Structure formats: C-alpha cells, structure tokens
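Chains as they are written, first to last, in the working numbering: chain P, 1 to 369; chain U, 370 to 738; chain S, 739 to 1107; chain R, 1108 to 1476.
Source of the hints: derived by calculation from the structure; they are not laboratory data. There may be inaccurate statements among the hints.
Said to hold, decoys possible - On the chain U side, residues computed to face chain R include the following (Cβ under 8 angstroms): (1) Thr392; (2) Gly399; (3) Pro402; (4) Gly626; (5) Leu646; (6) Leu667; (7) Gly669; (8) Arg673; (9) Pro674; (10) Ala681; (11) Gln685; (12) Asp690.
What the hints assert, rightly or not - Result set (DSS-like, lysine-lysine): computed pairs, CA atoms no more than 30 angstroms apart in a straight line: (13) R:Lys1319 / R:Lys1215; (14) S:Lys797 / P:Lys50; (15) R:Lys1256 / S:Lys950; (16) S:Lys887 / R:Lys1319; (17) S:Lys887 / U:Lys518; (18) R:Lys1256 / P:Lys143; (19) P:Lys59 / S:Lys797; (20) P:Lys212 / U:Lys518.
All values derive from a computational prediction rather than experimental measurement. A virtual CB, placed ideally from N, CA and C, is assigned to each residue, including glycine.
Number of protein chains: 4
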Amino acid sequence: MTTIGVGLIGTGYMGKCHALAWTGVKAVFGDTPDIRLASLCDATPELAAKKAAEFGFLKSTADWRALIADPEIDVVSVTTPNHLHADMAIAALEAGKHVWCEKPMAPKYADAERMTAAARRSGKAAILGYNYIQNPAIRYIRKLLDEGKIGAVNHVRIEMDEDFLADPDQPHSWRSEAAAGYGALDDFAVHPLSLISTLFGRVESVFGDMAKPYPDRPHQGGRRAVETFDIATALLRLPGGISGAIHVNRCAWGRKGRIFVQIFGGRGMIAFDQERLNEVQIYLAEGRPEDQGFRVILMGPAHRPYDRFIVAPGHQLGFNDLKVIECRALIGRILGEETVAIDFDEGLAIERAVHAIAQAYREGRWVTV
Amino acid sequence: MTTIGVGLIGTGYMGKCHALAWTGVKAVFGDTPDIRLASLCDATPELAAKKAAEFGFLKSTADWRALIADPEIDVVSVTTPNHLHADMAIAALEAGKHVWCEKPMAPKYADAERMTAAARRSGKAAILGYNYIQNPAIRYIRKLLDEGKIGAVNHVRIEMDEDFLADPDQPHSWRSEAAAGYGALDDFAVHPLSLISTLFGRVESVFGDMAKPYPDRPHQGGRRAVETFDIATALLRLPGGISGAIHVNRCAWGRKGRIFVQIFGGRGMIAFDQERLNEVQIYLAEGRPEDQGFRVILMGPAHRPYDRFIVAPGHQLGFNDLKVIECRALIGRILGEETVAIDFDEGLAIERAVHAIAQAYREGRWVTV
Amino acid sequence: MTTIGVGLIGTGYMGKCHALAWTGVKAVFGDTPDIRLASLCDATPELAAKKAAEFGFLKSTADWRALIADPEIDVVSVTTPNHLHADMAIAALEAGKHVWCEKPMAPKYADAERMTAAARRSGKAAILGYNYIQNPAIRYIRKLLDEGKIGAVNHVRIEMDEDFLADPDQPHSWRSEAAAGYGALDDFAVHPLSLISTLFGRVESVFGDMAKPYPDRPHQGGRRAVETFDIATALLRLPGGISGAIHVNRCAWGRKGRIFVQIFGGRGMIAFDQERLNEVQIYLAEGRPEDQGFRVILMGPAHRPYDRFIVAPGHQLGFNDLKVIECRALIGRILGEETVAIDFDEGLAIERAVHAIAQAYREGRWVTV
Amino acid sequence: MTTIGVGLIGTGYMGKCHALAWTGVKAVFGDTPDIRLASLCDATPELAAKKAAEFGFLKSTADWRALIADPEIDVVSVTTPNHLHADMAIAALEAGKHVWCEKPMAPKYADAERMTAAARRSGKAAILGYNYIQNPAIRYIRKLLDEGKIGAVNHVRIEMDEDFLADPDQPHSWRSEAAAGYGALDDFAVHPLSLISTLFGRVESVFGDMAKPYPDRPHQGGRRAVETFDIATALLRLPGGISGAIHVNRCAWGRKGRIFVQIFGGRGMIAFDQERLNEVQIYLAEGRPEDQGFRVILMGPAHRPYDRFIVAPGHQLGFNDLKVIECRALIGRILGEETVAIDFDEGLAIERAVHAIAQAYREGRWVTV
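Work out the full structure: start from the sequences and follow the hints.
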C-alpha cells in the first residue's frame, strides 16, 4: 500500500482535528504511505467546497453516501453528530473502507452493537477517536505499570471536568435534552473509561450516581427542565482486584480540560493531569525516605512518539498532536501493525460500562458489566 | 475568669500538640485568661514527670482520675488512645471540667452517645480535636461561601490520603485489627466530614465502598489477614441538594497529609489542599473570559486569625498553629463566645455518618443518616 | 496571490518544524493562499529525496542555489547551520524570494548586517524563527501590557535554561569551540531578547557576566578546554526606565525548555514559563486584599490565534503549533498585513545587544547598545 | 545551666516572634534548660506591662538599660528598630549577657563592626535573627550539597520578593528615606546572603545594580522623592568558582514572602521557594532519562528538627516554627554545642557584602568584598 485515500465527513471541531491529523501524519512520522486527501463531505456543497479548499482535499460533496462509494477512498473519517455515526460507519465498512469514527459510538447501545458487528464482518480497521490514550504520557504510564515500577496497582481515581455548561444562565440546548443521552456520563465518562481500558482492562462491576447542578435553564423567555445529568460518579471494580472511581462534571467552573488520574500501587503512585498533558508525576517508595517525593517528568524524545514531533525534551506537544498519533495508530492497524487504539470491540465494552453505570444509578445497587 | 487551669492526659503525637497549643495560645492571641499548666498525666509516674518538665506543667501523675479530680484544673485535654476517650471525657465532664478530646470520639457509637449525653448534662464546653477546620484558609472558604462568591454550591469532592500504611511489607499491627474500627473510614473520613459539617451542614444520606489494598501483612514469620479497610469511598447527599463524594486512603504512597477539597458552585469553584495549607484556590466566572483563571491566594493577616501569628502575608502557618487556633476556640466556648468548633453534638453526627457509610457498604445501597 | 511556492533548505530539527508549519498552516488558518511545497534541499540528493517524500515536497535537490533559482518558489525557509544563513538568505533575497530564516542570524555581526541590508534592498518579507514570541500566551501578555492592566512596568526578569550540555562527561563538541560564538549568550539569550523586543522595545544599555560551569570536557581520551560560556547573565536598561535582567544556562539539569518571565508593574505582576506554554499567571492589585492572588489562566479560543487550532479552552497548543503561527505571520508579511514577527531589522538589533553584553562582560562595565 | 533567664526588648513583629520562640522552645525540643521569661521592655511602662502579661513575662520595664542590668537575665532578645541594635547589643554583651539580635545588624557598617568586636570580647553567644536558614528544608539542602548529591555546584540564583511597598500610592515613609539605608539591598538581600553563607561560604566579589520603581511617593498633599532603591540585583563570585546572582524587590506585586533559590550542580539541581517553605525540589541526573524529573519533597520527621514539632510528614511547619529552631540554635551556642546560626562575625561578613554591592553599583564595576 503506497497511498491511503482519505474521505472526511464533517468539518466541525473534530472534523478539522482529523483534517490536521491527515495533513501532518506523514511529515511527522515519515514512515507511512502517502496520504491522499481524496474527498470531503459536509452539509452543503458550498460549505464542503470551502472546507475542502482550506483543508487541502481534492474533491468535495454534500452526499456522504457518494463519498463512501468513492473508489479513491480507502479510509473514512466520521466526525458528524453522534446519532449519525452508526449509519455512516456501517455503510463505510460495508463498502470496504476502513473507518475512523469519533467517540462515543452512538447514543443507542443497539447502534453501537450494529457498528461493532459490521466492523467484525468487514475485517477492516475500525477505531474510535479516543485520543487521550494516545498521549506519550499515557503510553509512558502504561510502560511504568507494565514494568511494575509502582508495584501492583490497587486503586485508581479519575476525574474529568470542564466548564462549558457551568453557566446556569446558559440557555437550554440539545445537550440538556434526554434524547442526547445521560449527560456527563456518556459525554465525558467514556474518556476515563478509555484510559482504564488502556491501562487496566475492562470494568467488571459498577455503582453509579448522577446529579443535576441546575434543574432548569432559560428557554424561550421562561425556564425549561434539564433532562440530562451534568455530573456523574461511578465506583468501579477492575480486573486484578483493583477498586476505582470516576468523577465527571460538565459544570465545573475553571476546569477546561482536566482529566486527573491517580493510580495507587504497592510501591508507588502515579498522577497525571490532562490540563498539563506533557507532565507525568510519579512517586516511588525507594531510596531514603527523606529523598522521596513526587517527580514531575516532562515528556521528551525518550517518551515515544514525542520524538517524531520534536527532538528537544520539555518543548511540549499539543492536543492536536495527540490526534496525529491516533491517526498513525489507525494507519498501523490498516498496515497490520499492533497499535494502541480503541477499536469498535473495545468501544462497545466502554458503552456497556456506561449503560451499566446508568442502571446502577437508577437501581441504587452495584451492577455487573 | 482570669486563669484557666489545664490538665493534660496523654503526651504522644496529639498530647504534645495540645501542650504546645496551651503553651502558646495566650502569647499568640493576647486576649485570653492566663493559662496555668496545672497537671499532666501519662502511663507511668516517670514518663509523666519527664513530660511535665518538658512541657512546663507544674505537676504530674500517672492517675488520670486524680488529675480529673484536681480542683486546680478547669479543662482537661484528652489525647489518649481512642478507646479510652469515653471514660475520661465523661469523668471529666461529670467532675465539672471542660473537655478538649481528640478525634474520633470513640470506636463504639454507644460510647460516643454517652459522651454526648454527658456533655449536654454538664453544660460544660466539650469539643473535639478536628483541627483542620481551624485553618484560616477554611474560615476564608466559609466566608466566601457565605458571601455567595461562587454562587450556590452544587457539588463537593474531598480526598484525604496519607501513606503511613502504604508499605505492604509493614508488619500487621493493631491498626489492621477489626477491633480498631473500619479502617480509613473512621480514622480519616471523619476529617472530611468535619469540613463538610463546617462548610455545608450535616450529611443526609450516603453510599459507601471500602477496599483492602493488601489482604494480609507480615506477622510472626508468616502472614496475617488485614481486617480493616485502608481505602474507603462515600457518596453523599448534603443539605440544599448538594451532591458529594469522599475518598480516603491510608496506603497512598507519596501523600503525606493531603486533604484535597473541591467545591463546585454556580458562579465559580474553590479548591484547597491541606499539603499546602496556606493556599486557597478560587475561580470566579466574572470579567472577560480571557482573564479568568484559578487564583492562588496565599493566606495573610486579612485571613483571621493568621494576623495573630504573623503580621506579614505569605509567611505561612504550620500544622501546630492550627491547634493553637482550636485551643482559642475552646477557650472562647468556655468564655461563652461563639466559636467555630466541632462539639460533642456535632461530633456525634459525624460518627453517625461514618457508621451509615459502613452500613451502606455492607448492604450495597444508599442509607439515610 | 493564490498560491505560495515554498522552498525548504535543511531538514533537521528546525527543517522538520518548518515543513510541518508549511504543511498545516492553511488547514489551521483557512485564510491563506494555497501552499505549494515546491522543492526541498539537503546535503545529498538521497537525503533530500527521502525527506521530500516524507514532508510532501514535489521536488528535491542537493544544490541550494538551484532551489533559490527555482521560479516556482516564492519563499525560502533557511534552516541550515548558523554559519550558512547569511549566504543563503542573501542569495534568496537577491533572487526576489521572501525569506524565513532560523535564528540567530549569523555568528558574525558583519554577516547579520549584510543580511539586513539585503532584506532592505529587496523589499521582500524577511523574518527570523523566533517562535516563542508567537505563543498566544505572549500575545495575551502584550495585550495586557498595552491595556495597562498591571500599570506601568518597572522591572523584568527572564531566565532561559535547558540541560542539553549539563552532563560534564559529555564529550567536547563544536558547541564548546570559540568558533561557535559566545555560548549561551548567542544561543539562548536571543530568545529572551526577542521577547523583550516584542513586549518592551529595544535594549538601551547592558552589563554582562558569563561563566563556564565546566572548564574542560572529555576529548580523544583526554580533556579539552571549553572555550564557550554555557552560563550568561545580562543586566538591562530598557525604554521607559525599565530595569531588567536575563539569565541563561545550557547546563541547568532538569530544565528542558524553561523560559521564565517575570514582569513587575505598578498595579500587578505577570509570570510565564515556557515549560507550561499554555499558562499565564497574573496578579492584579485590585479588589479586597484577602481575595488577591496569582491567577493561572489557561489559554483558550479567547487568546488568538489559539481558536484557529482548537475550539475548546485548556486543551493546549504544542511547540510545533507556535511555528505554524510564525508561518502565518510570515504569510501575513508577504500579503502586506501587519503581523508580529522579528524581521531582519529587529533581528539585527538583537544581535547588537548580544555583542554589547559580551563586550560589557569583557570590560566589566555597562555598555550602551 | 538548668534555667535560662530571658529578657526581651521590643514587642513588635519580631518581638512577638521571639516571645513565641522562647515560650515554645522547651516544649518543642524537650532537651533545653528551663526557660524563665524574666523581663520584657517596650517604649512605655503600660505597653511593656500589657505585653508582659500577654507573652507571659514575669516583669516589665520601659528602661532597656535596667533590663540588661537585671541579674536574673542570661540572654537578651533585641528586636527594636535597626538603628538601636548596636547600643543595646553591645551593652548587653558588656553586661555579660548572651544576645539574640534581629537582622540586619545596624544601618552603619561601623556600628556592625563595634557589635562584632563586643561579641568577640565578651565570649558570649551572639547571633542574628536570620531565621530562613533554620528551615529544615535548608538544612536538608545543605546535607544534599555536603553529600555531593547534585555534584559540584557551579551556579546559584536567589530571588527575594515581597509587595509591601508595591503600591505606588502608598505614602512616603521612613523606608524611602536615605537614612534608612540603601533600600531592598540591606533590607532584603541580607537574607539571600545568609543562605549563601550557610550553603556556600562568603562572597568573594560582587557587581551591583539598583533601581527605583517609583521615583516619588505621595507626601503631605504633594510628592516627595524616594531616596532608597526598592529593587536591587547583585552578581556574585563565590568560593569554589561558583557564579551567582541575587535579585530583591520590595515592590513585587503578588509576592508575599518569596525567596526562590536555584542551585545548579554537575549532577543535578535543587530549587526551593520560601512561599512553600515545606517543600524542596531536586532533580538528579541518574537512572533512565525518561524517568528523570524534579522531585517535590515534602518535609517530614526525617528532615531534622521537623520531628521535634510533628511526628507526621507533610503536615508542615510555619514561619514562627523557624524562629523556635533559631532559638534552639542560640541555646545550643550558649551550651557550647555546634549549631547552625549567623553569629556576629558572619553577620559582619554579610554587611560587608552589602556595602560592596552598593559600591559596585555606584562605580559600575566589580568590587572585591
């Protein structure tokens, strides 16, 4: 395979992020097939044409089925609203394309199941946009865990907080409608779950709690009830007897992209905050007690694949760079390499955990995933 | 009242802490009666005499009942092991003394109830050693909340972690025996609960989880099962519709005295870490978005009663200073002032919450406190 | 101008950085002419061809004069070793190309003067690779200063520290030869000087100090004297009566890309550390004293042009993104827009300051720049 | 010696600090003679009596000569304004008392010389109140240096910044009069110099710079020229070929007690900030590069004499505790122990360095101390 033909559906936040990843991945890594930005699709021909020009795509269309049918396309990036993921991803897989679909898979679990079945049938690479796991810092943490640096892990806490819904005067929107899902649970908790999947394996059982910081929001001159939960908590049982907890909050003033991970082991502890994505903290219970402390490690070329971006340590990757690494992971899957990624199978396990947490909340009891 | 006669029972970690508080409180605050260090009691006459000399007490004894009976004593500091608190505190109250008792009240809830009943009957000041609430930083946070600076609080998370049991090779001790209590729950969680009591009021209902990071520990050449839980988690419902969570861990490598508090409000957020006890972080959603950020406020004379210790800001109080403030709060109670402190009534409410969390854990369901 | 033809000379650390910038700039900003990666030059035809394939350039060559003569090229990126900058940049300018040259201009001041003269004669855009000034954080700081948020600035300190020469056992290399220049002064201090140029204007007078942490290094089985100074300090007088200081150190163990800036004003203070390039700290002396503290502001879409990269705040740009912004600044210059950049004129002023600091060091006295 | 009789002159900021130290030192350390708070002196008999009652002193007087003559007094704490230090300290020494005098010694160098001569003649303990050096964190740093943990030190930077004069609208006061001394140089720089003395030895040669952030201040309805320099910088040559720099600023908005120390060695680096006085940062160039980072070490019982205050690590000492340690160092001197303290000899060396820096500033050249 000397060239990969790319089709992109959607040009919003994540659509641009995919476009930048496809644009840069070969220059960054050097070792990929050529990337051919074949076609781009958005809602109208005009928007699609404008974005194709900006992002450097050769063609554009407003018909996503046409894009999927395009023989020049090998892989399809699906970055549309969540409820469209299933139809597009399945159609692409059935057309023999590889698929890079944004998270979460689909608001309905049945759709996620259909997507996974289609991926299995197709034999194509099908991965989800869980880019936080692609951070060299997370790969380094996984390496430390594999090496047993902090001993056997016995406990883990992950918080994910942002403030884009924190303003109580922000008008009611689709995000607060029940049709959008549970709220913070499916919107945010999937990210901590993707980290848990990458570092520890699949969740075994869960307890859940959810809360509405604001019961209603301004709507058409009055107030309208908020139907989703902007705060959620899950207690977890993980493989190997590890206990854990996840906290997520979309109304956390001041938090902009915080994903704070604390991993407790028998010989040390690891902490990481996505708001400082180039830093890993590790405490090792070794040497003299008086010399022990949390070490703040700045990512550098020794933390692969940071080296592909910058040769100097401590100069820092950005959020968009993580997507380039994810893109390289997808290409690896296409080429038959072993790479770290959340594929549709693993993504479905994450969805199962999400629904189990919601059930645990409703029923006020532990639920086996 | 021009002089307060002090009796101290116990000279360990907390005994010394009380002694230092009694020694310094008048020099720090200036506005108290004279403090007369009347008598000190420890297990043997020799130890008691030695410590009395060190701490500056006039007399010493190995008979705590004699100390309590001493007419020169107005207030008794009880700093002995937890299972001795009830008898000593009750005897002191019944002898007409004020009592300053270390936390937690007693391993058995019935004993805590007896203590509270004795305090009510006596009409004397009876407070518990929850010194973290005495930090000027916590008082400042309470003031900010009272002023509505961060709007209505809707969520709170508190973590308390230390590592004094983190080493899996540390031999089995009384701390790992069932007789010692639940483990981290009664040893640690009472501190976050004292903060919640001070800032938000009494817990309404709870869910609980507990875990043993190490199932057994070295013992007499073999291994012995750990009967307590060094990790505990509680989900909370607080007054005013506030949801919350507490995490405690006595096996958290690297954490030495971390009590991390996150308070989420409709107009801002407050964060505080006891490991940097002189700093409060606050984010306010006001002004231009581009200028918003977490403000790290160093405590200073404007944060009472820091000013009684140091006239310059940012120079920092220490842990022992918090006990001096607690001592002043006790003296205030004796003098009939309104002061912030956890008295036996409030302490009993904390104990109730602890036992409810344990019950919730056993039964896997929410429990009303 | 609908298309910009790009020629790149050099494919090392900075060459790749330029390539990534040219590759991504249109997709990021959307509002530029099309970018045509016309030709790439490196030392051998094989290396050039390999890198052209990786970076997506249409042609390659080992003859930089041929690249410069190529009529399909509008702008030349010069990323070769410093002593080659002058000839290449001057030839490109004389061939009517715009030039984007890495810093510093040239080891010899006379060469820098020739470059500047050539740029003036050509009327072409000619800027230097001082990418740290392109950080949205720095632009935000400049805006704060322009608005007078911290009042009149009276003092500034900048430190730049890395550790790539910190190991005393690292063998002697060209970096330790006198021919390479002064050492940390011309290698590092130019970056703080570029920040000073951007924020405060040109340095008026200087005092200088330099030091060799290691007098010699391993060389061919023995030791060879280090001829450069890996540590340098400059005291500064800036426009408007501002005093200041710069510290640079290439042997600072643990510092990986630290550029710590402290700006003292009559109404507040600003601090910034390049090792956390997405954070600005600001203290404003306003409101109640008890509420004042350093605010840690995470960069977001409100801090232009962060918004062109990511729509969510706090998600973080990386080092390579700064080069994309610099590339856009260059394009702006080509298009006749006003943009923030260090052009050859301003770069020459920085070189003058560097040589004045060295002279001040030699003569042990203040020197007017 | 079974009892130490204490006389205290002055009850302001530092007077109270001494009083608290004398009150607590025996209870904290346990191993000292009994402390007898014999007599206290302040400006009026009323104030003296009031403060004696608060601080627990047995007698009071408004006549400092009477206090010094008091046979019940073994040691005199001198905490009056700087220009009174010399007369009081010398009189006390000549009366056969030990002296604990606040820093700096005296505004005039000749007075400092007289004090030192008196101390030598007396053979009594005579130390200065440089309490920052008493921090267990600083003692730990000294130990690390002695052990060679970071290799040979080659460079050091110390900044000391506060903001009590930062407001340009603050009225003119004695602090801005030439009679008060140089300004930040003698008020602040002596602290960094005391740290340098403790960690590296005496300064060999200096360069100096000083600045006035505000040329004048409000005064009697008009403006009056500021005669002192609120900002000062010194470049240093230290024993062993170490280069260094000191920056001090009394107009640094937001800094409340910052003393930031950076020590650069051949095998690592140490950093410390007095605003987080219980933390030491150390970077060691050992182990795998990918695992290296700055370690934040929280002080604990392993860092003597923290253990005398608190048995649990990370619980934190406060500023006043440092004075207790200093008091213990003084008692050690009295008892003939070797202790870390700045005595009058060493204090005079610090004063010499201060005046040399001022001379270097005036003459624009390096000056040998």
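Right, here's what the structure says about each hint:
no.: 1; hint: Thr392; result: 5 angstroms, holds
no.: 2; hint: Gly399; result: 4 angstroms, holds
no.: 3; hint: Pro402; result: 11 angstroms, violated
no.: 4; hint: Gly626; result: 4 angstroms, holds
no.: 5; hint: Leu646; result: 6 angstroms, holds
no.: 6; hint: Leu667; result: 5 angstroms, holds
no.: 7; hint: Gly669; result: 6 angstroms, holds
no.: 8; hint: Arg673; result: 16 angstroms, violated
no.: 9; hint: Pro674; result: 13 angstroms, violated
no.: 10; hint: Ala681; result: 6 angstroms, holds
no.: 11; hint: Gln685; result: 5 angstroms, holds
no.: 12; hint: Asp690; result: 5 angstroms, holds
no.: 13; hint: R:Lys1319 / R:Lys1215; result: 22 angstroms, holds
no.: 14; hint: S:Lys797 / P:Lys50; result: 28 angstroms, holds
no.: 15; hint: R:Lys1256 / S:Lys950; result: 20 angstroms, holds
no.: 16; hint: S:Lys887 / R:Lys1319; result: 20 angstroms, holds
no.: 17; hint: S:Lys887 / U:Lys518; result: 23 angstroms, holds
no.: 18; hint: R:Lys1256 / P:Lys143; result: 28 angstroms, holds
no.: 19; hint: P:Lys59 / S:Lys797; result: 24 angstroms, holds
no.: 20; hint: P:Lys212 / U:Lys518; result: 20 angstroms, holds
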